[in-house]
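Protein chains: 2
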Amino acid sequence: MSAGWFRRRFLPGDPLPAPRTPGPRASPVPYRRPRFLRGSGSSPGAADASRRPDARPVRSPARGRSLPWNAGYAEIINAEKSEFNEDQAACGKLCIRRCEFGAEDDQEWLTLCPEEFLTGHYWALFDGHGGPAAAILAANTLHSCLRRQLEAVVEGLVATQPPMHLSGRCICPSDPQFVEEKGIRAEDLVIGALESAFQECDEVIGRELEASSQVGGCTALVAVSLQGKLYVANAGDSRAILVRRDEVRLLSSEFTPETERQRIQQLAFVYPELLAGEFTRLEFPRRLKGDDLGQKVLFRDHHMSGWSYKRVEKADLKYPLIHGQGRQARLLGTLAVSRGLGDHQLRVLDTNIQLKPFLLSIPQVTVLDVDQLELQEEDVIVMATDGLWDVLSNEQVAWLVRSFLPGNREDPHRFSELAKMLIHSTQRKDGPTGEGQVSYDDVSVFVIPLHSQGQGSSGH
Amino acid sequence: MSAGWFRRRFLPGDPLPAPRTPGPRASPVPYRRPRFLRGSGSSPGAADASRRPDARPVRSPARGRSLPWNAGYAEIINAEKSEFNEDQAACGKLCIRRCEFGAEDDQEWLTLCPEEFLTGHYWALFDGHGGPAAAILAANTLHSCLRRQLEAVVEGLVATQPPMHLSGRCICPSDPQFVEEKGIRAEDLVIGALESAFQECDEVIGRELEASSQVGGCTALVAVSLQGKLYVANAGDSRAILVRRDEVRLLSSEFTPETERQRIQQLAFVYPELLAGEFTRLEFPRRLKGDDLGQKVLFRDHHMSGWSYKRVEKADLKYPLIHGQGRQARLLGTLAVSRGLGDHQLRVLDTNIQLKPFLLSIPQVTVLDVDQLELQEEDVIVMATDGLWDVLSNEQVAWLVRSFLPGNREDPHRFSELAKMLIHSTQRKDGPTGEGQVSYDDVSVFVIPLHSQGQGSSGH
Numbered sequence: 001m002s003a004g005w006f007r008r009r010f011l012p013g014d015p016l017p018a019p020r021t022p023g024p025r026a027s028p029v030p031y032r033r034p035r036f037l038r039g040s041g042s043s044p045g046a047a048d049a050s051r052r053p054d055a056r057p058v059r060s061p062a063r064g065r066s067l068p069w070n071a072g073y074a075e076i077i078n079a080e081k082s083e084f085n086e087d088q089a090a091c092g093k094l095c096i097r098r099c100e101f102g103a104e105d106d107q108e109w110l111t112l113c114p115e116e117f118l119t120g121h122y123w124a125l126f127d128g129h130g131g132p133a134a135a136i137l138a139a140n141t142l143h144s145c146l147r148r149q150l151e152a153v154v155e156g157l158v159a160t161q162p163p164m165h166l167s168g169r170c171i172c173p174s175d176p177q178f179v180e181e182k183g184i185r186a187e188d189l190v191i192g193a194l195e196s197a198f199q200e201c202d203e204v205i206g207r208e209l210e211a212s213s214q215v216g217g218c219t220a221l222v223a224v225s226l227q228g229k230l231y232v233a234n235a236g237d238s239r240a241i242l243v244r245r246d247e248v249r250l251l252s253s254e255f256t257p258e259t260e261r262q263r264i265q266q267l268a269f270v271y272p273e274l275l276a277g278e279f280t281r282l283e284f285p286r287r288l289k290g291d292d293l294g295q296k297v298l299f300r301d302h303h304m305s306g307w308s309y310k311r312v313e314k315a316d317l318k319y320p321l322i323h324g325q326g327r328q329a330r331l332l333g334t335l336a337v338s339r340g341l342g343d344h345q346l347r348v349l350d351t352n353i354q355l356k357p358f359l360l361s362i363p364q365v366t367v368l369d370v371d372q373l374e375l376q377e378e379d380v381i382v383m384a385t386d387g388l389w390d391v392l393s394n395e396q397v398a399w400l401v402r403s404f405l406p407g408n409r410e411d412p413h414r415f416s417e418l419a420k421m422l423i424h425s426t427q428r429k430d431g432p433t434g435e436g437q438v439s440y441d442d443v444s445v446f447v448i449p450l451h452s453q454g455q456g457s458s459g460h
Numbered sequence: 001m002s003a004g005w006f007r008r009r010f011l012p013g014d015p016l017p018a019p020r021t022p023g024p025r026a027s028p029v030p031y032r033r034p035r036f037l038r039g040s041g042s043s044p045g046a047a048d049a050s051r052r053p054d055a056r057p058v059r060s061p062a063r064g065r066s067l068p069w070n071a072g073y074a075e076i077i078n079a080e081k082s083e084f085n086e087d088q089a090a091c092g093k094l095c096i097r098r099c100e101f102g103a104e105d106d107q108e109w110l111t112l113c114p115e116e117f118l119t120g121h122y123w124a125l126f127d128g129h130g131g132p133a134a135a136i137l138a139a140n141t142l143h144s145c146l147r148r149q150l151e152a153v154v155e156g157l158v159a160t161q162p163p164m165h166l167s168g169r170c171i172c173p174s175d176p177q178f179v180e181e182k183g184i185r186a187e188d189l190v191i192g193a194l195e196s197a198f199q200e201c202d203e204v205i206g207r208e209l210e211a212s213s214q215v216g217g218c219t220a221l222v223a224v225s226l227q228g229k230l231y232v233a234n235a236g237d238s239r240a241i242l243v244r245r246d247e248v249r250l251l252s253s254e255f256t257p258e259t260e261r262q263r264i265q266q267l268a269f270v271y272p273e274l275l276a277g278e279f280t281r282l283e284f285p286r287r288l289k290g291d292d293l294g295q296k297v298l299f300r301d302h303h304m305s306g307w308s309y310k311r312v313e314k315a316d317l318k319y320p321l322i323h324g325q326g327r328q329a330r331l332l333g334t335l336a337v338s339r340g341l342g343d344h345q346l347r348v349l350d351t352n353i354q355l356k357p358f359l360l361s362i363p364q365v366t367v368l369d370v371d372q373l374e375l376q377e378e379d380v381i382v383m384a385t386d387g388l389w390d391v392l393s394n395e396q397v398a399w400l401v402r403s404f405l406p407g408n409r410e411d412p413h414r415f416s417e418l419a420k421m422l423i424h425s426t427q428r429k430d431g432p433t434g435e436g437q438v439s440y441d442d443v444s445v446f447v448i449p450l451h452s453q454g455q456g457s458s459g460h
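Just so you know, the sequences run in chain order A and B. The numbering used here puts the first sequence at residues 1 to 460. The numbering used here puts the second sequence at residues 1 to 460.
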């Protein structure tokens with residue numbers, strides 16, 4: 001990505017890139033559910049669902065079909081918010097080939113790479129908006145992007161420490177020392193590969209949607225196991241947590257207009273034309289109106305964690321760059337998330353103002369050193385889209401996990417049963433936590449057991 | 001600060017602001033040491049200092065002079081790095097007047113503000129570079145800026161919850177609810193006042209240095225006690241820690257080109273002209289050279305926490321935006337810190353490239369709820385410039401504090417004695433921690449006892 005790219009891409013005053021030569025118009029991305037649900041049954045959405053007009057089925061993989069690490073999965077479609085379930089899921093084995101060595105690489109280096117393949121596993125959830133297309137493309141594509149990015153650095157991954165040069169040949173005698181001083185480890189290459197893969201997938205989605213004249217975007221939450229570590233990459237408002245007997249640990253953070261306020265305001269500060277004079281970048285407790293003019297009101301700007309007062313001017317009455325509170329917070333009045341894939345064509349209604357410059361496709365990556373945990377049989381990771389977390393807290397989910405697993409040790413499909421039970425808990429006010437709200441959103445859940453670590457992937 | 005300010009101030013292609021009408025040339029800022037050192041003695045820099053040619057005195061307040069909360073202080077000048085001690089310190093009582101009410105304010109609101117003054121205390125350290133002037137100006141000015149900023153919001157500070165309008169009058173009936181939902185508390189106003197005060201002080205320093213044709217910048221670390229809370233605001237690489245019998249807690253983070261890499265690279269990404277074609281924003285383990293051309297080397301860009309490989313092009317051979325490792329890391333080859341006050345005129349040697357757009361004058365603020373701590377007699381805060389932390393770890397400082405205080409309960413000046421002892425420990429290889437390095441930098445230390453909380457400020 002060349003310097004000046006940002007300006008060429010997003011600023012109206014600068015010359016636009018030459019339009020892509022239009023190929024034959026591509027056909028729209030066909031709607032589908034995850035492949036591993038083929039042949040699956042479904043159970044009613046809640047214990048008393050048969051009596052309710054809005055009963056929706058909870059779907060999970062067919063008994064007999066097992067997912068990597070014997071993980072469980074379940075999903076439910078939203079309550080008529082959209083025709084399609086805008087969540088998507090994918091999982092599978094990740095086979096990373098060693099790249100072919102060119103003439104430039106010496107033979108000694110080859111011996112550092114003893115295996116022809118590195119294998120890992122991959123689980124991913126995508127929560128779409130503005131249509132199901134972006135999430136479907138992400139589910140079809142992101143794992144390939146990741147495999148490609150990992151293959152491009154595989155020699156660094158299998159070395160004790162990533163070499164300064166991918167050929168393994170030092171140009172300076174002190175090259176290993178520089179890498180050592182920066183503290184660069186193999187896991188930093190996996191993090192870098194995940195960051196690049198999200199970006200590459202975002203570009204693919206942009207091209208494909210443009211070619212098929214479709215729109216939309218999606219969040220992405222990905223767990224990857226590789227070389228004894230588990231990487232959780234998140235862009236959006238899905239969430240992954242580790243649940244153990246004595247511990248609940250967050251493995252991701254949400255990226256919303258509220259959590260990324262300062263980054264978003266900062267961009268509007270250095271490039272005010274991105275708001276086209278239609279929005280104010282300042283935050284106020286509520287939208288201001290004429291009566292507030294001349295008064296001193298609470299506000300904060302891009303550089304502030306705290307609050308202060310300012311005298312209200314006319315420009316402060318514009319619609320706020322970030323508006324609303326909690327689940328209602330919106331970026332430019334339009335989007336509830338500030339990171340994700342797609343949305344290349346998304347503009348504020350009736351304006352030419354683009355959302356994309358404020359959105360990041362880059363995930364935050366958390367590393368869990370699974371080999372260092374003293375794993376117990378019922379340690380699991382729960383990954384779910386926001387439909388689950390809107391109505392259940394981390395502690396409530398942990399309580400449900402700990403209540404369910406001990407009584408279901410014999411069932412080979414117990415992790416999918418647990419995922420279904422978690423979804424059922426989002427559908428009933430009298431849920432097991434006793435104070436439930438009901439989720440009307442799409443909900444998708446993976447439950448990944450850590451103890452077996454792949455032993456279950458060949459089925460039971 | 002109007003929209004577009006950033007561009008007008010920093011970008012060469014845009015029209016420059018009209019030059020300030022030159023007033024009578026101001027005289028240079030006179031060099032001085034902190035006022036509270038008047039009449040102080042000094043002790044040799046180390047136990048064996050008399051035998052060493054570089055013996056430097058450790059200075060602390062005269063016995064009989066007490067600082068707010070009976071805090072201790074000591075300082076030592078650097079080992080001939082500069083003629084002057086570039087560190088500065090300030091402390092004192094902070095009297096915040098209630099603003100006069102205008103006709104717009106109703107009488108009911110007055111009863112919410114029962115005291116004519118709010119009083120607090122203030123301790124500050126400034127570590128200068130490029131000459132002592134900026135640090136002296138900051139020591140002379142920042143507390144006044146802070147008082148002014150706090151006075152501007154004092155009605156909000158003394159209310160149960162800051163009102164939406166500074167007049168206290170709701171324009172919407174639901175105004176209090178909006179403030180409640182945002183979770184805005186009185187302490188957010190103090191944080192906002194600290195953020196604004198740093199910015200205001202930075203502007204004052206810029207004007208004063210320009211008027212007297214001087215240059216330079218400084219870091220700023222400030223502790224403020226107010227209404228039972230202690231606020232620590234930091235811009236730069238000084239540090240404050242809380243030391244208790246069973247706990248060592250960081251109260252600040254350092255801001256250096258390394259810790260703020262992504263923010264700095266991001267700015268160079270959206271405004272490449274800030275580098276004038278002379279620097280590369282990419283990070284490599286070492287500076288690249290001709291032999292690296294065409295090779296794939298480790299790198300990371302603004303959006304990456306991890307590392308990846310890229311094929312080296314000619315542009316990658318430019319000097320890196322951030323170069324060097326640890327204490328040697330420099331922004332644009334010039335500065336070791338990425339936040340602070342001043343440096344308005346600072347440019348990269350022999351170029352027109354400004355440092356200021358990459359520097360932030362905004363502090364990060366940590367709040368310690370002192371009233372909620374179960375304070376013990378020897379709980380203290382240690383604030384010091386980087387000269388101390390370069391050679392002593394937090395744990396070593398905590399060990400020294402815990403070793404010193406119990407044996408010195410009777411000495412009313414024990415906290416200054418402790419500060420002196422900490423500085424002595426930076427001057428001897430055989431220091432009490434047994435593995436000491438020697439600091440050749442300026443070192444300044446405040447030790448603030450929390451238990452007495454002002455009872456000692458009238459002296460013993």
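Be aware that a few hints might be false.
For identical chains, the list gives no copy identity; a pair is met inside one copy or between any two copies.
[Claimed, not checked] Here are the computed lysine-lysine pairs in the DSBU-like style, where the Cα-Cα straight-line distance is at most 30 Å:
#: 1; residue 1: K310; residue 2: K93
#: 2; residue 1: K356; residue 2: K229
#: 3; residue 1: K314; residue 2: K81
#: 4; residue 1: K429; residue 2: K93
#: 5; residue 1: K310; residue 2: K229
#: 6; residue 1: K289; residue 2: K318
#: 7; residue 1: K289; residue 2: K310
#: 8; residue 1: K314; residue 2: K289
#: 9; residue 1: K429; residue 2: K318
#: 10; residue 1: K314; residue 2: K93
#: 11; residue 1: K429; residue 2: K289
#: 12; residue 1: K229; residue 2: K93
#: 13; residue 1: K229; residue 2: K318
#: 14; residue 1: K81; residue 2: K429
#: 15; residue 1: K314; residue 2: K229
#: 16; residue 1: K356; residue 2: K81
#: 17; residue 1: K93; residue 2: K81
#: 18; residue 1: K318; residue 2: K93
In case anyone wonders, no lab produced these hints; they're calculated from the structure.
Checked hints:
{"no.": "1", "hint": "K310 x K93", "verdict": "between (56 Å within a copy, 27 Å between copies)"}
{"no.": "2", "hint": "K356 x K229", "verdict": "neither (33 Å within a copy, 41 Å between copies)"}
{"no.": "3", "hint": "K314 x K81", "verdict": "neither (37 Å within a copy, 53 Å between copies)"}
{"no.": "4", "hint": "K429 x K93", "verdict": "neither (38 Å within a copy, 56 Å between copies)"}
{"no.": "5", "hint": "K310 x K229", "verdict": "between (49 Å within a copy, 25 Å between copies)"}
{"no.": "6", "hint": "K289 x K318", "verdict": "within (9 Å within a copy, 51 Å between copies)"}
{"no.": "7", "hint": "K289 x K310", "verdict": "within (15 Å within a copy, 52 Å between copies)"}
{"no.": "8", "hint": "K314 x K289", "verdict": "within (9 Å within a copy, 54 Å between copies)"}
{"no.": "9", "hint": "K429 x K318", "verdict": "neither (40 Å within a copy, 62 Å between copies)"}
{"no.": "10", "hint": "K314 x K93", "verdict": "neither (57 Å within a copy, 39 Å between copies)"}
{"no.": "11", "hint": "K429 x K289", "verdict": "neither (38 Å within a copy, 66 Å between copies)"}
{"no.": "12", "hint": "K229 x K93", "verdict": "within (15 Å within a copy, 53 Å between copies)"}
{"no.": "13", "hint": "K229 x K318", "verdict": "neither (48 Å within a copy, 36 Å between copies)"}
{"no.": "14", "hint": "K81 x K429", "verdict": "within (20 Å within a copy, 70 Å between copies)"}
{"no.": "15", "hint": "K314 x K229", "verdict": "neither (54 Å within a copy, 36 Å between copies)"}
{"no.": "16", "hint": "K356 x K81", "verdict": "within (24 Å within a copy, 49 Å between copies)"}
{"no.": "17", "hint": "K93 x K81", "verdict": "neither (33 Å within a copy, 59 Å between copies)"}
{"no.": "18", "hint": "K318 x K93", "verdict": "neither (50 Å within a copy, 41 Å between copies)"}
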